[in-house]
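K.L.:
Generate coordinates for the entire structure from the input sequences, incorporating the hints supplied.
Same order as they appear, the protein sequences are chains A and B. Positions 1 to 566 (this note's numbering) are the ones given, in order, by the first sequence. Positions 1 to 299 (this note's numbering) are the ones given, in order, by the second sequence.
Read the hints as simulated data drawn from the structure, not as lab findings. Predicted model only: the values in this text are computed from it and were never measured. A few of these clues could be false.
For lysine to any residue, the following SDA-like pairs were computed, each having C-alpha atoms within a straight-line distance of at most 25 Å [as the list claims (entries may be wrong)]:
hint	chain 1	residue 1	chain 2	residue 2
1	A	Lys380	B	Tyr63
2	A	Lys460	B	Asp235
3	B	Lys176	B	Asp107
4	A	Lys380	B	Glu242
5	A	Lys460	A	Val445
6	A	Lys460	B	Asp107
7	A	Lys460	B	Asp162
8	A	Lys460	B	Val127
9	B	Lys170	A	Arg465
10	B	Lys232	B	Glu242
11	A	Lys380	A	Leu402
12	A	Lys460	B	Val130
13	A	Lys561	A	Ala85
14	B	Lys190	A	Arg450
15	B	Lys176	B	Ala224
16	A	Lys380	B	Lys190
From the derived model, a few chain B residues whose C-beta atoms are all more than 10 Å from chain A [stated by the list, open to error]:
hint	residue
17	Ala78
18	Asp107
19	Glu271
20	Pro285
C-beta atoms are modelled at their ideal positions from N, C-alpha and C, and glycine is treated no differently.
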Amino acid sequence: MAAPEQDTGFGTGTSGVSRIRGTAFEAVCLAATSFALVTVLVLLLFVAADAFRPLSADPGWHLVYFLTLVVPVLGLAVYYYRLDAPAGEVAYSTTGIPVVGLLVAGGMLVVIVELISVIELFALTLATAVSAGVIVAHGRVRPQAALERLGVIVLAPTVAVFGLPPAEFNTVFNWLTTQLGLGPVLQTRITSLRELVMMVPVLPADWLLLLITLTVPVAGLFGLFMGRRRDSRRDGLALLGGTVVLAAAGFVLGPLVGIGAEAWILATSFTVPPLAFYVEGVVRREEGTAGLVFPVVAVVGVLLGAVLVRQLGFAAPDPWLDVGFLLSPTSRTPADAGIYPALVGSVMMMVVIIVATFPVGVGAAIYLEEYAPSTGLVGKFVTLIEINIGNLAGVPSVVYGLLALALFIRFINMPTGSVIVGALAVGLLILPIVIISAQEAIRAVPDSHRQASYGMGATKWQTTRNVVLPQAMPGILTGTILALGRAIGETAPLLMVGLAASVRLAPNGFFDLGAAMPRQIFSWSTELEPAFRHGVLAAGVVTLLAVLLLMNGTAIVIRNKYQRDS
Amino acid sequence: MTDEPTRTDGGTDQQPTAETAASPDPSSEPLVDSSIDVEGRDDTPSMATARSVIEAKHLDVYYDDVQALDDVSMEIPAKQVTAMIGPSGCGKSTFLRCINRMNDLIDAARVEGELFFEGKNVYDPDVDPVALRRQIGMVFQHPNPFPKSIYDNVAYGLRIQDDDDNLDEKVETALKRAALWDEVSDQLDKSALDLSGGQQQRLCIARAIAVDPDVILMDEPASALDPIATSKIEDLIEELAEDYTVVIVTHNMQQAARISDKTAVFLTGGELVEFGDTETIFENPESQRVEDYITGKFG
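P.N.:
Structure below.
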């Protein structure tokens, strides 16, 4: 590539040799990269073929879907790519928004089913909204009273959500006083609004509560945006009303199509408002409207294919990875085995890992880069710490499992095999990686920007907050994404802290017994029945990879947003 | 006190006249003479009465064991341009960074001696460098706007000082004072990095004066710019000197001669060799070393 630039017309022996060397090096690099990519691709194809078993279907089935779905979709894609790039963008977004919305809805459904009930969610939302309203109202009525405002900001949520004092505090305090021989001292407390709501004897049905707690706020938010953009309150209200009616129809329609009313409401609340908002923008700009055809073609293709396949009597493939696999627990028979508890457990662990490692890791990196002195005795100590963080990043994961076993289970007495212990064990493992990558990102911020900020009379924290962190954030997020990718696949620390091989029930809380996908996959690999090792295992691997890709995709979107803003 | 700045201003008015007289203007001959006379007569009293904002007394700076400034004592007068010239590594930038304690950010730097700002030793333990830097702004050698919008750059200092009232107005004033408003008024939310180098440097000056400091320190502000951008910056500096005390480090001796009222010459070893009126330094320096440096025999 660079060869023509180097050609100065004085071609001598040496420059010829070095040019050949350069070309050879380039070729070797290309070959190595291609080899690695092809190898991984072939492996993934094998795994995917095992998981989906496309060959178990009739050739006619493939032909029908090829004609109804693949050909039109590919044709449209080629058309957008060659002739109408903005429409391609629109097609991409209109297909992506419902998919993302459905994923969010699915996550929310799992939360409602496994973690907190609809009534709890309703009570929590109501209490939060009321306390927020009180704070805003106080700010309006008495804008000057700063100290009073602080009191309101602290008290309103406490009273509304936790009660005064919070129930847990009461329990601990009474336990202490009982230990001291005083008996339970705290007998009365102000019951929180949340608890009051949950005590009401007659509450509306779950689907109605869900409509109020989720559909109305989500649709209202998009309705607000829409109303502002179109400068018409009526259009915003139309979006809100339309969504609510559509969601409420789930009470009747949901059971008809075979899903619960709750699932219908969640699906509509998270897909309809953003999609309507986006489509309205596209139609108004009149740019790339041809892209709106794409999702319609895809949906029609799927429906048409389904009808044709049924009419012509072709057998559909019988994949290992299907809805049943995703929604059922593991079993002794391969056909019934599923990954649901492990999937929920892994996602919950991810949440704990992010919450636990991101602030600590980034905080440590900020301290080491911005605050820690580089000279003197403390400076030497800091250098020692930095070297050791580098070493810790290379410590085998089993050792971290052992550390977590000693620290969290033996010392702090957390329940063995619970979600939180597994997550913290893996969190310890990736913490050094998060710190190092965050340090690199912070170090890459030019010093002249810090100087400029200090020169303006900014404090260290203001400089870090306003200048360093915004610029370092894309790098920090990239490092964290890579670390999380490693975290979700870790198995050894989970074995050490006693995560069960398979759990029949998904965890209902962070201190419940949990399973994790890699652990579950590992236990399938030791099953005697070949169907487990060849089919169920592959389905599990594909699920794991899909979750990983989804997570990375989300993080990349967030990172790009940061990059655009700064 | 009210009288003294007025008299100093009178002196400042005279000096540019003397300098512009160097341009080919037939009527300039007598002006030069008279102004030199004026200098000769008024200088000693004005030196005595011109309020000095910054005063260094026996200032030494070390980086680890290397001495960067050697026993520097000087007084920098208010609302004038004071230039510091000298060869690379002579400590002029170090001195500049001592004034607003930017050297604190270098772990290895150690300062001995006293440096008074408005009569207060800035190296006293009770001085908060952050508060000090809010009164002494700084412009750096390479334009270093933040990767934010033009507006956010200028508003940065005001925001970190919680000075949020009339932000739009203050940003506009600062950009106008930095002679940048006409070029950017319709693109305030564009990224500052899209500006040209000279515009970026004027933006940095706008950012520094937005918080209305008393003193502006400039560390070779035009060394990374082309001649046209440089001349704009120089005009700007002369305007700024009406309201602010400007201390400028420069490699460019013509620049120092053009824009400054006082000149300090540092030579190798961090030694302040001569300090006085720019004209005296450039036309009739006391020290032979300074004369060698200025005439190009050395450095």
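K.L.:
Hints first: check each against the structure and report whether it holds.
P.N.:
Here is what the structure says about each hint:
The straight-line distance between the Cα atoms of A/Lys380 and B/Tyr63 is roughly 18 Å, inside the 25 Å bound, and the hint therefore holds. A distance of roughly 34 Å separates the Cα atoms of A/Lys460 and B/Asp235; the hinted pair therefore is violated under the 25 Å criterion. Simply put, B/Lys176 and B/Asp107 have alpha-carbon atoms about 38 Å apart, too far for the 25 Å limit, and the pair is violated. At roughly 49 Å between alpha-carbon atoms, A/Lys380 and B/Glu242 are farther apart than 25 Å, so this suggested pair is violated.
Restraint check for A/Lys460 and A/Val445: the C-alpha separation of about 15 Å stays at or below 25 Å, so the hint holds. Pair hint A/Lys460 plus B/Asp107 holds up; C-alpha atoms about 15 Å apart against a cutoff of 25 Å. With a CA separation close to 16 Å, the supplied pair A/Lys460 and B/Asp162 stays within the 25 Å bound. Our distance criterion of 25 Å between C-alpha atoms is met by A/Lys460 and B/Val127, whose separation comes to about 16 Å.
Restraint check for B/Lys170 and A/Arg465: the C-alpha separation of about 23 Å stays at or below 25 Å, so the hint holds. With a C-alpha separation of about 16 Å, the suggested pairing of B/Lys232 with B/Glu242 holds against the 25 Å cut-off. Of the pairs offered as hints, the one joining A/Lys380 and A/Leu402 is violated, with about 30 Å between alpha carbons and a cut-off of 25 Å exceeded. Restraint check for A/Lys460 and B/Val130: satisfied, since their Cα atoms lie roughly 9 Å apart, inside the 25 Å limit.
For the suggested pair A/Lys561 and A/Ala85, the alpha carbons sit about 21 Å apart, so the restraint of at most 25 Å is met. Proximity of B/Lys190 to A/Arg450 is assessed by CA-CA distance (about 21 Å); at most 25 Å being required, the pair is judged to hold. For a cut-off of 25 Å, the pair hint linking B/Lys176 to B/Ala224 stands: about 23 Å separates their Cα positions. The hinted pair formed by A/Lys380 and B/Lys190 fails the criterion: a straight-line CA distance of about 44 Å is larger than 25 Å.
The claim that B/Ala78 is not at the interface with chain A holds, since no C-beta of that chain comes within 10 Å of its own (minimum 20 Å). Interface exclusion of B/Asp107 from chain A breaks down, the closest Cβ pair being 4 Å apart, not more than 10 Å. For B/Glu271, the non-interface assignment is confirmed: its Cβ lies about 26 Å from the closest Cβ of chain A, beyond the 10 Å cut-off. Annotated as non-interface, B/Pro285 keeps its C-beta farther than 10 Å from every C-beta of chain A; the closest such distance is 32 Å.
Comparing the model with each earlier hint shows violations of hints 2, 3, 4, 11, 16, 18; every other hint is respected.
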